[in-house]
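Those protein sequence lines, which keep their order, are chains W and V.
Each step along the first sequence adds one to the number in the numbering used here, with nothing skipped, and position 76 is 76.
Each step along the second sequence adds one to the number in the numbering used here, with nothing skipped, and position 29 is 29.
Since the hints were made in silico from the structure, they are not lab data.
All values reported here derive from a predicted model rather than from experimental measurement.
Please note: incorrect hints may appear among the correct ones.
In silico lysine-lysine, DSSO-like type, Cα no more than 30 angstroms apart, as pairs [unchecked claim]: (1) V:52 to W:52; (2) V:40 to V:19; (3) V:9 to V:19; (4) W:3 to V:36; (5) V:9 to V:41; (6) W:3 to W:69; (7) W:52 to V:67; (8) V:41 to W:3; (9) V:40 to W:3; (10) V:52 to V:9; (11) V:19 to W:3; (12) V:9 to W:69; (13) V:41 to W:69; (14) V:36 to W:102; (15) W:69 to V:22; (16) V:19 to V:71; (17) W:69 to V:71; (18) V:71 to V:52; (19) V:44 to W:3; (20) V:36 to V:52; (21) V:19 to W:69; (22) V:52 to W:69; (23) V:22 to V:52; (24) W:69 to W:102; (25) W:52 to W:102; (26) V:22 to V:44; (27) V:71 to V:9.
Per label pair, the in silico range of CB-to-CB distance [as the list claims (entries may be wrong)]: (28) V:10 to W:25: 34 to 44 angstroms; (29) V:40 to W:69: 25 to 35 angstroms; (30) V:73 to W:51: 28 to 38 angstroms; (31) V:79 to W:25: 39 to 49 angstroms; (32) V:2 to W:40: 13 to 23 angstroms; (33) V:84 to W:110: 14 to 24 angstroms; (34) V:14 to W:16: 26 to 36 angstroms; (35) W:41 to V:101: 17 to 27 angstroms; (36) W:79 to V:9: 36 to 46 angstroms; (37) V:109 to W:29: 21 to 31 angstroms; (38) V:101 to W:5: 38 to 48 angstroms; (39) W:56 to V:2: 38 to 48 angstroms.
For each residue, glycine too, the CB sits at the ideal point set by N, CA and C.
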Amino acid sequence: DAKTTQPTSMDCAEGRAANLPCNHSTISGNEYVYWYRQIHSQGPQYIIHGLKNNETNEMASLIITEDRKSSTLILPHATLRDTAVYYCIVRGGGADGLTFGKGTHLIIQP
Amino acid sequence: DTAVSQTPKYLVTQMGNDKSIKCEQNLGHDTMYWYKQDSKKFLKIMFSYNNKELIINETVPNRFSPKSPDKAHLNLHINSLELGDSAVYFCASSQDGGGRGYTFGSGTRLTVV
Chain W
1 DAKTTQPTSM DCAEGRAANL PCNHSTISGN EYVYWYRQIH SQGPQYIIHG
51 LKNNETNEMA SLIITEDRKS STLILPHATL RDTAVYYCIV RGGGADGLTF
101 GKGTHLIIQP
Chain V
1 DTAVSQTPKY LVTQMGNDKS IKCEQNLGHD TMYWYKQDSK KFLKIMFSYN
51 NKELIINETV PNRFSPKSPD KAHLNLHINS LELGDSAVYF CASSQDGGGR
101 GYTFGSGTRL TVV
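This is chain W alone, in the form it adopts within the complex:
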């Protein structure tokens, strides 16, 4: 699975959009970009994933650049409950599980 690079931490004001970047310059053609988050003391939670098109669901939007070397997770209206560690993971198929990096600690400020 390709390696990802994320900022260690970010702050965002409550009610504003939180934009979390991720670089994955070595991504290969069949690898997807996944985003998970872990709220303190809970299990990781799936947010969204995509291959090359932008994706949106009830939780977030995922913007993938045309060259697929980077992506941005957007939480449109951040709330205090969105404070968590966000993990960007790149992987292809297979049942070999997820490889987690250090993630970005997003802190939503009131």
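With chain W fixed as given, assemble chain V onto it according to the hints.
Coordinates of chain V only, in the frame set by chain W:
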């Protein structure tokens, strides 16, 4: 109607003891996993089971053994517990290689004293 449930939530035990952590999923997923999150918060995969076959064993000590009585259960047995085994252990499940996402349990905090 919890999707992935683990028991117990907390486990405190002495060094040298043998303990088990249970995991059940009611999602009909075909693969289950165990992850370990240490004190530095790194999440590392330990095992995965697909159709009762072990797929991965990421250099985990053989004191750890996963056991899957059926597709909905993956239990983790730990023999001769050591202080370094203290961590949070997460169970997870997925379908079709995880293409539609993984579902994690809420974790078991193991403390070895």
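So, going through the hints one by one against the coordinates:
{"no.": "1", "hint": "V:52 to W:52", "in the structure": "violated, 34 angstroms"}
{"no.": "2", "hint": "V:40 to V:19", "in the structure": "holds, 23 angstroms"}
{"no.": "3", "hint": "V:9 to V:19", "in the structure": "holds, 13 angstroms"}
{"no.": "4", "hint": "W:3 to V:36", "in the structure": "holds, 20 angstroms"}
{"no.": "5", "hint": "V:9 to V:41", "in the structure": "holds, 18 angstroms"}
{"no.": "6", "hint": "W:3 to W:69", "in the structure": "holds, 11 angstroms"}
{"no.": "7", "hint": "W:52 to V:67", "in the structure": "violated, 38 angstroms"}
{"no.": "8", "hint": "V:41 to W:3", "in the structure": "holds, 18 angstroms"}
{"no.": "9", "hint": "V:40 to W:3", "in the structure": "holds, 20 angstroms"}
{"no.": "10", "hint": "V:52 to V:9", "in the structure": "holds, 25 angstroms"}
{"no.": "11", "hint": "V:19 to W:3", "in the structure": "violated, 35 angstroms"}
{"no.": "12", "hint": "V:9 to W:69", "in the structure": "violated, 39 angstroms"}
{"no.": "13", "hint": "V:41 to W:69", "in the structure": "holds, 27 angstroms"}
{"no.": "14", "hint": "V:36 to W:102", "in the structure": "holds, 14 angstroms"}
{"no.": "15", "hint": "W:69 to V:22", "in the structure": "violated, 40 angstroms"}
{"no.": "16", "hint": "V:19 to V:71", "in the structure": "holds, 22 angstroms"}
{"no.": "17", "hint": "W:69 to V:71", "in the structure": "violated, 37 angstroms"}
{"no.": "18", "hint": "V:71 to V:52", "in the structure": "holds, 7 angstroms"}
{"no.": "19", "hint": "V:44 to W:3", "in the structure": "holds, 15 angstroms"}
{"no.": "20", "hint": "V:36 to V:52", "in the structure": "holds, 21 angstroms"}
{"no.": "21", "hint": "V:19 to W:69", "in the structure": "violated, 44 angstroms"}
{"no.": "22", "hint": "V:52 to W:69", "in the structure": "violated, 37 angstroms"}
{"no.": "23", "hint": "V:22 to V:52", "in the structure": "holds, 16 angstroms"}
{"no.": "24", "hint": "W:69 to W:102", "in the structure": "holds, 19 angstroms"}
{"no.": "25", "hint": "W:52 to W:102", "in the structure": "holds, 24 angstroms"}
{"no.": "26", "hint": "V:22 to V:44", "in the structure": "holds, 18 angstroms"}
{"no.": "27", "hint": "V:71 to V:9", "in the structure": "holds, 22 angstroms"}
{"no.": "28", "hint": "V:10 to W:25: 34 to 44 angstroms", "in the structure": "holds, 42 angstroms"}
{"no.": "29", "hint": "V:40 to W:69: 25 to 35 angstroms", "in the structure": "holds, 28 angstroms"}
{"no.": "30", "hint": "V:73 to W:51: 28 to 38 angstroms", "in the structure": "holds, 32 angstroms"}
{"no.": "31", "hint": "V:79 to W:25: 39 to 49 angstroms", "in the structure": "holds, 43 angstroms"}
{"no.": "32", "hint": "V:2 to W:40: 13 to 23 angstroms", "in the structure": "holds, 19 angstroms"}
{"no.": "33", "hint": "V:84 to W:110: 14 to 24 angstroms", "in the structure": "violated, 39 angstroms"}
{"no.": "34", "hint": "V:14 to W:16: 26 to 36 angstroms", "in the structure": "violated, 49 angstroms"}
{"no.": "35", "hint": "W:41 to V:101: 17 to 27 angstroms", "in the structure": "holds, 21 angstroms"}
{"no.": "36", "hint": "W:79 to V:9: 36 to 46 angstroms", "in the structure": "violated, 26 angstroms"}
{"no.": "37", "hint": "V:109 to W:29: 21 to 31 angstroms", "in the structure": "violated, 40 angstroms"}
{"no.": "38", "hint": "V:101 to W:5: 38 to 48 angstroms", "in the structure": "violated, 22 angstroms"}
{"no.": "39", "hint": "W:56 to V:2: 38 to 48 angstroms", "in the structure": "violated, 27 angstroms"}
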